[in-house]
Amino acid sequence: MTQSVVVQVGQCGNQVGCRFWDLALREHAAVNKKGIYDEALSSFFRNVDTRSGDNGPDIYKGKICSLKARALLIDMEEGVVNEILQGPLRDVFDSKQLITDVSGSGNNWAVGHKIYGCQYRENIVEKLRKTAEHCDCLQCFFIIHSMGGGTGSGLGTFVLNLLEEEFPEVYRFVTSVYPSGEDDVITSPYNSVLAMKELNEHADCVLPIENESLFEIVNKINQMINSGKLGSTVKQNSLVTSSAGSAKTLQEKPFDAMNNIVANLLLHLTSSARFEGSLNMDLNEISMNLVPFPRLHYLVSSLTPLYTLADVNIPSRRLDQMFSDAFSRDHQLIQADPKHSLYLACALLVRGNVQVSDLRRNIERLKPSLHFVSWNQEGWKTGLCSVPPVGHSHSLLALANNTCVKPTFIELKDRFMKLYKKKAHLHHYLQIDGMEQSCFSEAISSLSDLIEEYNELDATKGGPRIDPSRLKIAV
Amino acid sequence: MSIVTVQLGQCGNQIGHEVFNALCSDIRGTHGLCSKKENESYHDSCKERFFCEEESGVPVARAVLVDMEPKVISQTLSMAARSGHWKYNSHSHFCQKQGSGNNWANGYSVHGPRHKEAIMNLVQKEAEKCDRLGGFFTMMSMAGGTGSGLGAFVTQCLRDAFPASFILNHVVWPYGTGEVIVQNYNSVLTLSHLYQSSDALLVHENDVIHKICAQLMNIKQISFRDVNQVIAHQLGAVFQPTHTVGEGSGYSRNPLGDLMETLVPHPEFKLLGLRNIPQMPENSLAYSTFSWPGLIKHLRQMLIANAKMEEGIDWQVRPPHQGSSMPSTNKPLHFNTSIANLVILRGKDVHGVDLGSFQDPSLYTSWLNPQDAFSAWKTPRAFNKYEKSASLVSNSQFLLKPLDSIVGKAWNMFASKAYLHQYTKFGIQEEDFLDCFTTLEQVISSYTNL
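Heads up: the sequence lines are chains Z and X, in that order. Residue numbering for the first sequence is 1 to 475, as defined by full-length UniProt numbering. Residue numbering for the second sequence is 1 to 450, as defined by full-length UniProt numbering.
Calculated directly from the structure, the hints in this document are not laboratory data. Computed from a predicted model, the values in this text were never measured in an experiment. Idealized CB from N, CA, C, for every residue including glycine. Treat the hints with caution; some may be incorrect.
[Stated by the list, open to error] With a cut-off of at most 30 Å between alpha-carbon atoms, the simulated DSS-like pairs for lysine-lysine come out as follows:
no.: 1; chain 1: Z; residue 1: LYS96; chain 2: X; residue 2: LYS97
no.: 2; chain 1: Z; residue 1: LYS472; chain 2: X; residue 2: LYS36
no.: 3; chain 1: X; residue 1: LYS97; chain 2: Z; residue 2: LYS63
no.: 4; chain 1: X; residue 1: LYS401; chain 2: X; residue 2: LYS385
no.: 5; chain 1: X; residue 1: LYS425; chain 2: Z; residue 2: LYS197
no.: 6; chain 1: X; residue 1: LYS297; chain 2: X; residue 2: LYS211
no.: 7; chain 1: Z; residue 1: LYS461; chain 2: Z; residue 2: LYS472
no.: 8; chain 1: X; residue 1: LYS97; chain 2: Z; residue 2: LYS130
no.: 9; chain 1: Z; residue 1: LYS413; chain 2: X; residue 2: LYS417
no.: 10; chain 1: Z; residue 1: LYS339; chain 2: X; residue 2: LYS417
no.: 11; chain 1: X; residue 1: LYS129; chain 2: X; residue 2: LYS47
no.: 12; chain 1: X; residue 1: LYS97; chain 2: X; residue 2: LYS385
no.: 13; chain 1: Z; residue 1: LYS367; chain 2: X; residue 2: LYS417
no.: 14; chain 1: Z; residue 1: LYS63; chain 2: Z; residue 2: LYS33
no.: 15; chain 1: Z; residue 1: LYS33; chain 2: X; residue 2: LYS97
no.: 16; chain 1: X; residue 1: LYS220; chain 2: Z; residue 2: LYS367
no.: 17; chain 1: X; residue 1: LYS97; chain 2: Z; residue 2: LYS61
no.: 18; chain 1: X; residue 1: LYS297; chain 2: Z; residue 2: LYS34
[Stated by the list, open to error] Selected chain X positions facing chain Z (Cβ under 7 Å, derived; list incomplete):
no.: 19; residue: GLN75
no.: 20; residue: MET79
no.: 21; residue: LYS97
no.: 22; residue: GLN98
no.: 23; residue: THR177
no.: 24; residue: ASN218
no.: 25; residue: TYR419
[What the hints assert, rightly or not] A few chain X residues facing chain Z, derived, Cβ under 8 Å:
no.: 26; residue: GLY178
no.: 27; residue: VAL182
no.: 28; residue: SER357
no.: 29; residue: GLN359
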């Protein structure tokens, strides 16, 4: 069994990360009734003997003593991390896993990447090493951050670089929250584009998230609950946005519902690596199957169902609906419509009481309405995990490598160019040691190249399919 | 003679478990429908082949379990032990912590050499426990990373370490519409490599078995367990003891050797397909009766028309006229030409069955005499509650179309160079791919021109 380490950077990263740990504990508590520290738990948690204080040794088997998250919490201002440490999760983290500063990055990628990066490099490396040492077989780093600010974006991508240097064999999965059009951070386009270059070059897989999509999903759920259309009540803990049953007892904060969606995404992604199933799908398989060319590693994700009714009996029709929903526009976690764009590859990770025939039936049913690239007409990767998420009897995560990410990137580029042409706010960046004009031109060039690659693929869509001729053998 | 089974990867281990389950449940059953003496002889022969005795009296499967991540093996071991009727040797397994990531190159070039010694030690131990080693039966899928890549490597090691032993690879072909996106690459690499070291490849296709589950077994929500149980039944029907020579002789002592001798006359032709009839849900068995002539007639037509199961057989397909020298282009469309066939009959009144229709020369290529191209093994001892059961193991054009389809899709992807960076980083280069494509195009060409 392998372990994963979560590195949460910046305000957004830490808030999402916090939700992740909370829901992870909830999920494992639901499955692990006996309180034994098992392999599934060990993928994200250490079991520490705290009787002699926080620095006790790890316990590898037997009863759970004190669970500690395999995480690194990084923020250049203290507010968010302090709140976490005063909240119900305070025992899940220890002081050795935190790196904080006081003044923040001022929404400036250069401050996060160049100044704090330099300043905290050794500290970060040392803490990463420590966390890695506690792992028997470290498979993956999950970075959670936002792209639009200064710390998550700048320092987050600095850490990404560091991970590649120090742990080249370990996978780097990045969950990036992209800024929306009405973002109140004026320099978010600069920060995002500068960060994109790093993601292009150093990440194995990126899961882009857009707040607008999360917001729409939250609204949809609220509407459904309030409209009373559902007839029977919805199971509170099944809501993909809910913290019900978790450690949080205080009033929910505004972003909590949205962040829970992202937390659920990460839980789902790693479920097959933690729990058993008839067709396992590990993290290295996700990277292998969904990344046909090194730079095209942006995966659009969707989670269904968003909620479960309290009714226990869910007929097959509802199961098929789950599959249909996964491909609909309003279930995607970025503003994109994969159905009308080109698929390079698609993965379906099902959890719960679903069998291979259900999977096959739905793939056959949905395939005709989807466009796949000519060299990957049957490009499906599937996984079946027996353990469903809390409150559900089954659920589905769809990951698509699809050209529908292009509009997000094009918009980003456009917003960047609007500022850059006028050289607006540029001086805040250029005055930082190590920053030059070339950083900007290289970054935008990297983004343009990426967009061009997607353009070329899109150009092949719908065109005549000419299969290359096979090798001829002399008889 | 005993057979050592090597179960590789998730698929290999899941199916392997079902196979030993099926074998064990068959010999424990009281539905043999034959004399007590026959039953005992069958029982002993099966035990010798697949199990060894332990002090506790619980038979221990002669198997080595290999996987690069621990979940499946640990499940397999505990499920077997829970049955109470058989188990695996608690030391005969090897696993690591992180799987092969569906990457053939990772399984073959990284895990293979790294763990060769440990794995081969386990195999050696199992081989030594056999009074007489009859050969190896490896079980794997070709779509993933461990079964396929590490499996190909291990097969090579077996060949090097046991040059005189028979090696039969059971290979599961994945669903056509993907379980793994790079499955066609992994398949091409696996098949071309196995072709070098293996004696024969016995193939099951997931699509085919799935259809059997849906249409014949009437299973509504088909799970991999259901699929694996059908596969296990079909394999059991081939490998349980039979009389290969004639009535009155003892049970065959060299099943793998006999299989190779009858079915693989030429190293260019190693692909074996398997058909088994009848197949039905267990609760229907009591209400069905079959006649041997009926079963034989269906099986023969399944062979000729390349039907995957006993429903939906195309009865229009006929063999070409006997006697005329037919270039392959003039042969009737969809006619499945055979090199060699083996029919295995189990159950009531077996010894009087007329198999002349299978000896029709027009079914075969001209290289062997029809008497040599066709063999029959029989036993009056019924198998797995089926009063009568007929299996066909065929070296014919059964797998030509599926193979061609896999190679075509892999080539299509290869031409765009998609995913190649995932393989080159572990040492499998484009030239290696080309070699594999060449090998398989050769195989396709050979089978096409029968």
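For each hint, the structure was consulted:
Between the alpha carbons of LYS96(Z) and LYS97(X) the distance comes to roughly 27 Å, so the proposed pair stays at or under 30 Å and holds. Distance restraint check for LYS472(Z) and LYS36(X): the Cα-Cα separation of roughly 58 Å exceeds the 30 Å cut-off, and the hinted pair is therefore not satisfied. Using a Cα cut-off of 30 Å, the hinted pair LYS97(X) and LYS63(Z) holds, with the two alpha carbons roughly 22 Å apart. Among the hinted pairs, LYS401(X) with LYS385(X) is inconsistent with the structure: their alpha-carbon atoms are about 34 Å apart, more than 30 Å.
Simply put, LYS425(X) and LYS197(Z) have alpha-carbon atoms about 23 Å apart, close enough for the 30 Å limit, and the pair holds. Restraint check for LYS297(X) and LYS211(X): the C-alpha separation of about 21 Å stays at or below 30 Å, so the hint holds. Between the alpha carbons of LYS461(Z) and LYS472(Z) the distance comes to roughly 29 Å, so the proposed pair stays at or under 30 Å and holds. Restraint check for LYS97(X) and LYS130(Z): satisfied, since their Cα atoms lie roughly 20 Å apart, inside the 30 Å limit.
Distance restraint check for LYS413(Z) and LYS417(X): the Cα-Cα separation of roughly 29 Å lies within the 30 Å cut-off, and the hinted pair is therefore satisfied. At most 30 Å may separate the alpha-carbon atoms for a hinted pair to count; LYS339(Z) and LYS417(X) meet this at roughly 25 Å. Straight-line distance between C-alpha atoms of LYS129(X) and LYS47(X) comes to about 13 Å, which keeps the hinted pair within the 30 Å bound. Note on LYS97(X) and LYS385(X): the hinted pairing is violated, with a Cα-Cα distance of about 40 Å set against a maximum of 30 Å.
Among the hinted pairs, LYS367(Z) with LYS417(X) is consistent with the structure: their alpha-carbon atoms are about 24 Å apart, no more than 30 Å. This hinted pair checks out: LYS63(Z) and LYS33(Z) have alpha carbons roughly 11 Å apart, not beyond 30 Å. Simply put, LYS33(Z) and LYS97(X) have alpha-carbon atoms about 25 Å apart, close enough for the 30 Å limit, and the pair holds. Proximity of LYS220(X) to LYS367(Z) is assessed by CA-CA distance (about 22 Å); at most 30 Å being required, the pair is judged to hold.
The straight-line distance between the Cα atoms of LYS97(X) and LYS61(Z) is roughly 16 Å, inside the 30 Å bound, and the hint therefore holds. A hinted pair counts as satisfied when its Cα atoms are at most 30 Å apart, and LYS297(X) with LYS34(Z) does not qualify at roughly 58 Å. A distance limit of 7 Å between C-beta atoms decides the matter here; for GLN75(X) the minimum to chain Z is near 6 Å, and the interface restraint holds. Given hint, MET79(X) at the interface with chain Z, is violated; its Cβ is 11 Å from that chain's nearest Cβ, farther than 7 Å.
Checking LYS97(X) against chain Z: minimum C-beta separation of about 4 Å stays under 7 Å; hint holds. Given the 7 Å rule on beta carbons, the hint for GLN98(X) holds: about 5 Å separates it from the nearest Cβ of chain Z. Hint status for THR177(X): holds, given a least beta-carbon distance of 5 Å to chain Z, under 7 Å. A least Cβ separation of about 12 Å between ASN218(X) and chain Z goes past the 7 Å threshold, and the interface hint is therefore violated.
The interface hint given for TYR419(X) is met, as the beta carbon of that residue sits about 5 Å from the closest beta carbon of chain Z, less than 7 Å. Look at GLY178(X): its Cβ gets to within about 4 Å of chain Z, closer than 8 Å, so that hint holds up. Because the beta carbon of VAL182(X) sits about 6 Å from the nearest beta carbon in chain Z, less than 8 Å, this interface hint is met. Taken as an interface hint, SER357(X) does not check out: its beta carbon lies about 32 Å from the nearest beta carbon of chain Z, beyond 8 Å.
Given hint, GLN359(X) at the interface with chain Z, is violated; its Cβ is 29 Å from that chain's nearest Cβ, farther than 8 Å.
The structure fails to meet hints 2, 4, 12, 18, 20, 24, 28, 29 from the earlier list, while all remaining hints are met.
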